[in-house]
Amino acid sequence: MNEHPQPEEVFDEYALGSLEGEDKQAFESHLRDCKTCARRLEEARARLALLSLAAPPITPPLRVREGLLAQVRAQSSGKVPKPAISRQPRRTLWLVPLLAAAAGALAITAVVLIRLNHRLSRQLAALEQKQAAMLAAQQEQQLQADKARRVLNVLTSPETVKVSLLPADAHPAPQGKAFYNSDKGLVFYAANLPPPPSGYTYQLWLVPLRGVPISAGVFRTDREGDGKVVLPPLPRGVPAKAFAVTIEPAGGRPQPTGKKVLIGAVS
Amino acid sequence: MPNAPHHTDRHPADFELIRRVANGDEAALTALYDRYAGVVYSVAHRVLKDEGAAEEVLQDVFYQLWCNASRYDAARGTMAGWLLVSARNRAIDLLRRRKPADTNSMEEPVPLAFNLESSVARTQLISRVKSALGILTPAQRQVLELTYFAGMTHGEIAEKTGEPLGTVKTRLRAALHTLRQVLAP
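Heads up: the protein sequence lines correspond to chains A and B, in order. In terms of the working numbering, the first sequence is residues 18 to 284. In terms of the working numbering, the second sequence is residues 44 to 228.
It cannot be assumed that every hint is accurate.
[Stated by the list, open to error] If you want the ones that stay clear, here's a sample from chain A, every Cβ over 12 Å from chain B, calculated: (1) Ala63; (2) Pro78; (3) Arg132; (4) Ala165; (5) Pro225; (6) Glu241; (7) Gly269; (8) Leu279.
[As the list claims (entries may be wrong)] BS3-like, lysine-lysine: derived pairs with alpha carbons at most 27 Å apart: (9) A/Lys276 x A/Lys194; (10) A/Lys277 x A/Lys258; (11) A/Lys52 x A/Lys41; (12) A/Lys201 x A/Lys245; (13) A/Lys245 x A/Lys258; (14) B/Lys212 x A/Lys276; (15) B/Lys92 x A/Lys201; (16) A/Lys194 x A/Lys277; (17) B/Lys92 x A/Lys147.
Just so you know, these hints were derived from the structure itself, not from any lab. Bear in mind that the values here come from a model prediction, so they are computed numbers and not experimental data. Just so you know, even glycine gets a beta-carbon here, dropped at the ideal spot from N, CA and C.
Isolated chain A (complex conformation) (with noise of 0.2 Å):
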C-alpha cells in the first residue's frame, strides 16, 4: 500500500475533479485500499459540495417539475424500464460471468432507454410546445378562411345586389369582358359602348398566340351601350393571346381595318 497522501489538499483536488495525470492515478490506487483515506474523500466532497450553495438562487420554472412527473409516470407505466440493478443469489459459478455480461447488457439497454425517454419526453414536451402554436395558427387561419368564405357568399349570392359606383359626373369608360375555352367557345359582354357611327358596326376580334386576328362576329349595342356575341362560330382548339374591338363598316370586314375600342390581353 502506498504512504497515506499527506497533503489535505490532495482529497479536495481530488473531490473538485481537477487532479491529473500520476497525481490522479496514484491517489486512485490508495484509495482502494484505505478506508481511512475513503474517508477523508468523503468529507471532503461533502464540504466542497456546499460551494454550490454559493451560486446566486435563481427558482426553477414550474414546467421542470410537471417535466419530472411525466417522466416520472411514463416509466412508472411501464412505458421505461426502471434501471434498477438488484443483486442475484449465485447459483453456479460459470454463469457468474454470463449473468454479469447479461446484466451489464440490461444495464446498458436500461441506462439507454432512460436517455432516450429523457430526450424523447423533451422533444415530446417541445412538439407539444410547437403544437399549440400551430393550434393557434390554425385557429387563426381559420378565421381568415370563415372570412373568406363570407365575402365569397356575398360575391356569389344570387340575391346580391351588385352596383358599381363611379364619379357621379363622369361618363361611364367602355368596356368588354371576354370568357373564352378554346374547346369550348367564347362568350362575350360589352358595356358603355356610344353607339357607333351611321354604317359602322363593332366587330369582336380574337387575337390568337400566332397568326392573324381570327373574327368571332360583329355585334350590335342597346340604348344602354351594352352588346354580346355569344357562342360565336370560331375554329377549335385555337389559343388566344388577346380580344379587341375594332369599329369597321357595316357587315364587318375579314381583318380589322377601324379603330381599336376595346383591347384585353389574355393573362
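Using the hints, position chain B against chain A.
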C-alpha cells in the same frame, strides 16, 4: 447534527422521503423536489449560464434520484449532499460536453455535515458559505470558482488568467485551506 429540524408528518426527514421514493412514492419525490430544486437549479444555472440546459440538469438529477433511490444508503451519506454534488457534476459534464461521469453515482456518499431540510437552515448555510468565500482574496476566489463552477483544470486556468501554473496551484490550495478552516462543521 447542527440545526436538526423537528420532523413532522408534514415535513418528513430526507431519509424518510428517499425511503418512500425507493418504493415508488411520487409524492415523496415531489416533496424532495420542492425542498431542493431551487439549489440544484441555481448551481446548474451558475455553471451553464443557460436556462434550458440548467432545466435539463435539474430534471435529470431528480430523475436519477427516482430511478436509483433504492441504491441510496442513508447511513453513509446525505440526500442534500448527493444533490449538490450531482447538480454540479452533471452541469460541468454538460458544459464540457462530456458523458455523465461515474462520479455522479448514488454509491459515492456525500456525508454533508449540515442539515438542509428546512428553508431556514438552507438560508443560514448559504450565507455561511458566502461569507467563507468572502474571506478569500479575489484571486483565490477566482481560481476556486473557475475550478468549481467551470470545471477547469489548473492548466486551463493558467491559460485563461495568464498566471503561471505554479501560482494557480498555490492560490487554489490556499483557498481550499481557508475553506477547510471556516466550513468545518
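Against the structure, test the hints numbered earlier, and report the numbers of the ones violated in rising order.
-> 1, 2, 3, 14, 15
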